[in-house]
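Trainee: Turn these sequences into a full structure, and let the hints guide you.
The residues making up each chain are set out below.
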Amino acid sequence: MRSYLDFEKPVAELDAKIDELRTLEAGGSDIGEEIARLEDKSRQALDELYANLTPWQKTQVARHPQRPHCMDYIAALITEFTPLAGDRKFGDDEALVGGFGRFRGDSVCVIGQEKGATTESRLRHNFGMARPEGYRKAVRLMEMAERFGIPVLSLVDTAGAYPGIGAEERGQAEAIARSTDACLQLGVANVAVIIGEGGSGGAIAIATANRVLMLEHAIYSVISPEAASSILWRDAAKAQEAATSMKITAQDLLRFGVIDSILKEPAGGAHRDPAAMIATTGDAIAKAFDEMRDLDGKTLRDQRRQKFLNIGRKLG
Amino acid sequence: MNWITNVVRPKIRSILRRETPENLWIKCPDSGQLVFYKDVESNQFVIPGSNYHMRMGAVARMKSIFDNETWFDVALPEVTADPLKFRDERRYVDRIKDARAKTGLNDSVKVGFGKLEGAPVVLVVQDFDFMGGSLGMAAGEAIIRGLELAVEKRSPCIVFAASGGARMQEGILSLMQLPRTTVAVQMLREAKLPYIVVLTNPTTGGVTASYAMLGDVHIAEPGALIGFAGARVIEQTIREKLPEGFQRAEYLKDHGMVDMVVHRHDLRATLARLCRLLTKSPAIEAPPAVPALPAPLPTVIAAPSA
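From first to last, the protein sequence lines stand for chains X and A. With this note's numbering applied, the first sequence closes on residue 316, and no number is skipped along the way. With this note's numbering applied, the second sequence closes on residue 1306, and no number is skipped along the way.
Honestly, the hints are just simulated from the structure, not real lab data. One thing to keep in mind: the hints can contain errors.
[What the hints assert, rightly or not] Pairs of lysine-lysine residues, derived as DSS-like cross-links and limited to a Cα-Cα distance of at most 25 angstroms, are as follows: (1) X:Lys307 with A:Lys1027; (2) X:Lys41 with X:Lys9; (3) A:Lys1102 with A:Lys1115; (4) X:Lys238 with A:Lys1085; (5) A:Lys1097 with X:Lys314; (6) A:Lys1253 with X:Lys89; (7) A:Lys1241 with X:Lys314.
[Claimed, not checked] Computed footprint of chain X on chain A, listed as stretches where at least three residues anywhere in the stretch have a Cβ under 8 angstroms from a Cβ of chain X: (8) 1168 to 1178; (9) 1208 to 1218; (10) 1229 to 1235.
We put the CB at the ideal spot given by N, CA and C, even for glycine.
Mentor: Shown next, in the form of structure tokens:
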């Protein structure tokens, strides 16, 4: 079942028309040419829409429920994936998944936020909003990866860290800080991909990598447009304006030097062709790891630290 | 020595900065009692009687810690102003201008180098009065500079955190201050120098998710609000009332997030003691442990150099 975002209405109408004609065609009418013409038109309309998405529209695309999530990437790109669980301190948090597997034959450590795809799995993964246990598990896995000289891949997709009583009691802030700390300390190569939403501290905790890649319509922000609008504009309805003002798109972030490259999405966004998106992402990850293949631990750590220290120092 | 801009004369400066009328009475937010502002000021901004810890500006804080109320102001790197060309209800550049006029500070973080009971120390102080102590590029660079200076001077670094969190008007560039300041903390850690964080009221948001929670020692001031997510956000998410004392200093102590809750009057001595212990410096009032030997040569005690 196809679903359309509100701004995709013109495309939805064309597609509905095409479906209608298809039914007629099945009934024997010779309207193949007309269908092809409309399909062409629909494709064009979609391309045009997606070439000019506003930051708020990108926010909607980045949060699209059918957009490929962390586990989809793992299923397609990682063989022999062996998930590991628990922070060895308090519990396991399935909002942040992780484990070891093979990426194109080589061992890799994968960590990432999983939002879930069904009601049941969304609840299990807490909608991708991790608690301290999630970040402490990430630290544990990163330290293990370092010990065994295994590169780390982060798949970032979260609205943010979970705001709850237990999370605060168990040191949400400290857990995030330690996870960022662990990322920056790694003596192995790491690559982070912002595949959907990069929500503030909850995202950066696993996103301080040697290479930070971002999908064309993903967003990455210090605060959600909704929260910014209610805090700065004192008006929850100003989310669209906040999304624009805060410069949360991949295109803006590349300009600021916050990310290293943008991964092009299929026509109409990643959710319209997850397989193609995942393939593109896989190639980009392979390229990034290849570029760092010959670097030793100290060089990787120094380069990563310098890269983050440089952010903001050379703005035009 | 280009990091030295001037020796601060705190008294002159505080007269220039003070906007509060001398005769103002203020109401204790805790007990509701009316107290004379001057009494509060001379009591390190702790309300006499109720012991409520008021917020303390960066200059007053430095005065309360450094020996002889004297220190070197550390020159801080210039940053790109208003990188996002941001405006909400007002232009960000105008907000900055107002905050500068109001506080006399350039941005929310001030760095000083001086002595604490004779030993060199770097103090990094966040001033909540400057746009809620928010962490933007200027504050990030200031914190990094403070930690780097401590490495250069081989001295401990003490950070006084007071912040509502990231400066949203700088968008992702404010979020990037989390990893950037973390890198600087790692440099201090690798130099094996002590890093002490004093969490003051309030310390919340992105600040807690980076340098403020990475100290070797965490000290909190009594009653300080310390937490990652705002109380309102949590209430809206879980739809229930928060427990009494939630996210307060004492609550964090109970949950193992801070080492101690220290009254402001005891803060200076506690910090000095910790710095001495962690740098393996001799005790100040050391008993004559070594029996006096006939000294063939006169002993010269080096005067502390600035």
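Trainee: Now tell me, hint by hint, if it's right for this structure.
Mentor: Hint check results:
no., hint, result
1, X:Lys307 with A:Lys1027, "violated, 48 angstroms"
2, X:Lys41 with X:Lys9, "holds, 14 angstroms"
3, A:Lys1102 with A:Lys1115, "violated, 29 angstroms"
4, X:Lys238 with A:Lys1085, "holds, 17 angstroms"
5, A:Lys1097 with X:Lys314, "holds, 23 angstroms"
6, A:Lys1253 with X:Lys89, "holds, 18 angstroms"
7, A:Lys1241 with X:Lys314, "violated, 46 angstroms"
8, 1168 to 1178, "holds (count 10)"
9, 1208 to 1218, "holds (count 7)"
10, 1229 to 1235, "holds (count 4)"
The structure fails hints 1, 3 and 7 (numbered hints given earlier, in ascending order).
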